[in-house]
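*Asks:* As given, the protein sequences belong to chains X and E, one line each in that order. Taking my numbering, I'd label the letters of the first sequence as residues 1 to 274. Taking my numbering, I'd label the letters of the second sequence as residues 1001 to 1274.
Everything labelled a hint here was simulated from the structure, so no lab data went into it. Please note that the accuracy of each hint is not assured.
What the hints assert, rightly or not - Okay, derived cross-link-like pairs now, DMTMM-like style, lysine to aspartate or glutamate, Cα gap no bigger than 20 angstroms in a straight line:
hint: 1; chain 1: X; residue 1: Lys-112; chain 2: E; residue 2: Asp-1223
hint: 2; chain 1: X; residue 1: Lys-112; chain 2: E; residue 2: Glu-1056
hint: 3; chain 1: E; residue 1: Lys-1112; chain 2: X; residue 2: Glu-271
hint: 4; chain 1: X; residue 1: Lys-6; chain 2: X; residue 2: Glu-56
hint: 5; chain 1: X; residue 1: Lys-6; chain 2: X; residue 2: Asp-260
hint: 6; chain 1: E; residue 1: Lys-1112; chain 2: X; residue 2: Asp-223
hint: 7; chain 1: E; residue 1: Lys-1112; chain 2: X; residue 2: Asp-227
hint: 8; chain 1: X; residue 1: Lys-112; chain 2: E; residue 2: Glu-1271
hint: 9; chain 1: E; residue 1: Lys-1112; chain 2: X; residue 2: Asp-217
hint: 10; chain 1: X; residue 1: Lys-6; chain 2: X; residue 2: Asp-241
hint: 11; chain 1: E; residue 1: Lys-1006; chain 2: E; residue 2: Glu-1056
hint: 12; chain 1: X; residue 1: Lys-112; chain 2: E; residue 2: Asp-1217
2 protein chains.
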Amino acid sequence: MADSRKASLNTATVRKQWALAQCIEGCARHGFAGIAPWRDMLAEMGVKHAARQIREAGLRVSGLCRGGMFPAGDAVGRAAALEDNRRAVDEAAAIGAECLVLVVGGLPEGSKDLVDARAQVRDGIAATLDYARQVPMPLAIEPLHPMYAADRACVNTLSEANDLCDALGPGLGIALDVYHVWWDPALAGEIARAGAERLLAFHLCDWLVPTRDLLLDRGMMGDGVIDLPLFRHQVEATGFDGLYEVEIFSAENWWTRDPDEVMRVIIERIETFV
Amino acid sequence: MADSRKASLNTATVRKQWALAQCIEGCARHGFAGIAPWRDMLAEMGVKHAARQIREAGLRVSGLCRGGMFPAGDAVGRAAALEDNRRAVDEAAAIGAECLVLVVGGLPEGSKDLVDARAQVRDGIAATLDYARQVPMPLAIEPLHPMYAADRACVNTLSEANDLCDALGPGLGIALDVYHVWWDPALAGEIARAGAERLLAFHLCDWLVPTRDLLLDRGMMGDGVIDLPLFRHQVEATGFDGLYEVEIFSAENWWTRDPDEVMRVIIERIETFV
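Next up, chain X with everything else stripped away, as it sits in the complex (with noise of 0.2 angstroms):
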């Protein structure tokens, strides 16, 4: 249903089978038009490298996963987080992505206190947004599902995005993933909110049932229950034009398989089920 033309290649999708130079590759030989590489996989290959052969294969870079992790135990960790995430905007910038994702980490080690780790994160952002309009280089702020709220973000709603965009200004908007919002009965209002100045990634994957693992149980595109065509709809009707960014956390099913061939089931399931 949806222009498999427009594919990009979060290369979590394929880890465990494909450096970054094999995704690159692979994403021009079947045909995707962007990359999103996270930042392990790009140092490996080295970041300069990285983009030559990025811009040569004519890749559109959706995104880079990603900086973020703000709240710390401690002035000394806070300040590191800070470092960390002016280097992920220059790495950002230096391979040429649409933006830098940012999960904004969760509780720090020891802390029940939700309150304080969104107000560090706040804090983190507005920091980082100091540094990245210079370059300039939009930070988009991925919400993550309420499962992952004490270890891996504390902003679980694309409405708690919005307030954070509302709030910072210019220079940061929102990376929405179905995955961690399809259940959300405000979702709909919010994308209208946000609009396609704010929404600056598009990520796709399904919701397993069951799901046997919180982290590395996710779905192809089709296998699970996210009425995935509803919230394309949802998201284009802003005037979002940007690419279709698949990114699938699959340690039993995905990233045991032929990555061509999960390259090719990417390709037939944006055309059939999104």
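Use these hints to put chain E onto chain X, whose structure you have.
*Replies:* Frame of chain X, contents of chain E only:
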């Protein structure tokens, strides 16, 4: 910190070790104020027999688990759900339960339509409420964590539960389980909105980091990251004066222990971590 004389045992917490008769006897022996049976355990013991034993043990019944599961793929399935809910209301009345807890159900088999599932839930509660008001038996919607939206309950925030109470009127309230709602940035306001009149039950456990299973890896109070005193204070600030019902599904830890040890730990942890 909290008064352990308000402890109530949700029988799921020791369901692998004890039948309902043993749970009743154990609650009395360990100084629990109440019990909250599951319907399968109640059926196994026999409703009349259980009702008498509970009464003779001097226990309150903080709730019966559970009614709900309203959405179905066809009219026959929906009618069967309503019939089962009427039976659940009768059983709750027979054992003197303070409420019938509703786990409302998720997507029908093959459906991806959450809006429709939520409409079915509203209609199912409305129909059950007509019956429950005559008994009378208060119905308590339990908002479940968003990770259960597909297969267990598509009411996933206290805000949605409050909206349903607004829409459907008297006789309907809420069972608030910290496990499902602790992540929600709107929680404090929604607890105040619910108020003592709607807050019919208060369930305790903890969120473990990491959580190894979506269903069966809940933590004992104090072993996780939920700020239990904070939420208890918010709940009790409304005037709520009910029991502390402890409900822990824990396949690899608490279900493998001596149930008398589990009961002792519950009491200790209410005193130190709630």
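*Asks:* Does the structure keep Lys-6/X and Asp-260/X at a Cα separation of 20 angstroms or less?
*Replies:* Since the Cα atoms of Lys-6/X and Asp-260/X sit roughly 18 angstroms apart, the hinted pair holds (cutoff 20 angstroms).
*Asks:* Taking 20 angstroms as the top limit, are the C-alpha atoms of Lys-1112/E and Asp-223/X close enough?
*Replies:* Holds, at about 11 angstroms.
*Asks:* Does the structure keep Lys-1112/E and Asp-227/X at a Cα separation of 20 angstroms or less?
*Replies:* The given pair, whose Cα atoms are some 5 angstroms apart, holds under the 20 angstroms limit.
*Asks:* Taken at face value, is the distance from the CA of Asp-1223/E to the CA of Lys-112/X at most 20 angstroms?
*Replies:* Holds, at about 11 angstroms.
*Asks:* Take a quick look at whether Lys-1006/E and Glu-1056/E sit within 20 angstroms of each other, Cα to Cα.
*Replies:* holds (18 angstroms)
*Asks:* Holds or violated: Lys-112/X with Glu-1056/E, Cα cutoff 20 angstroms?
*Replies:* violated (41 angstroms)
*Asks:* Against the 20 angstroms threshold, does the CA-CA distance of Lys-6/X and Asp-241/X hold or violate the hint?
*Replies:* Holds - the C-alpha atoms of Asp-241/X and Lys-6/X are around 9 angstroms apart, at most 20 angstroms.
*Asks:* Taking 20 angstroms as the top limit, are the C-alpha atoms of Lys-1112/E and Asp-217/X close enough?
*Replies:* Distance ~19 angstroms between Lys-1112/E and Asp-217/X Cα, so the pair holds.
*Asks:* Are Lys-112/X and Glu-1271/E close enough, with their CA atoms no more than 20 angstroms apart?
*Replies:* With a Cα-Cα distance of about 18 angstroms, the restraint between Lys-112/X and Glu-1271/E holds, given a limit of 20 angstroms.
*Asks:* Verify the proposed pairing of Lys-1112/E with Glu-271/X, using a straight-line Cα cut of 20 angstroms.
*Replies:* holds (18 angstroms)
*Asks:* Mind checking the alpha carbons of Lys-112/X and Asp-1217/E for me, to see if they're no more than 20 angstroms apart?
*Replies:* The given pair, whose Cα atoms are some 19 angstroms apart, holds under the 20 angstroms limit.
*Asks:* Given the hint that Lys-6/X pairs with Glu-56/X, does the C-alpha gap stay at or below 20 angstroms?
*Replies:* The hint holds at about 18 angstroms.
Of the hints listed earlier, the one the structure fails to meet is number 2.
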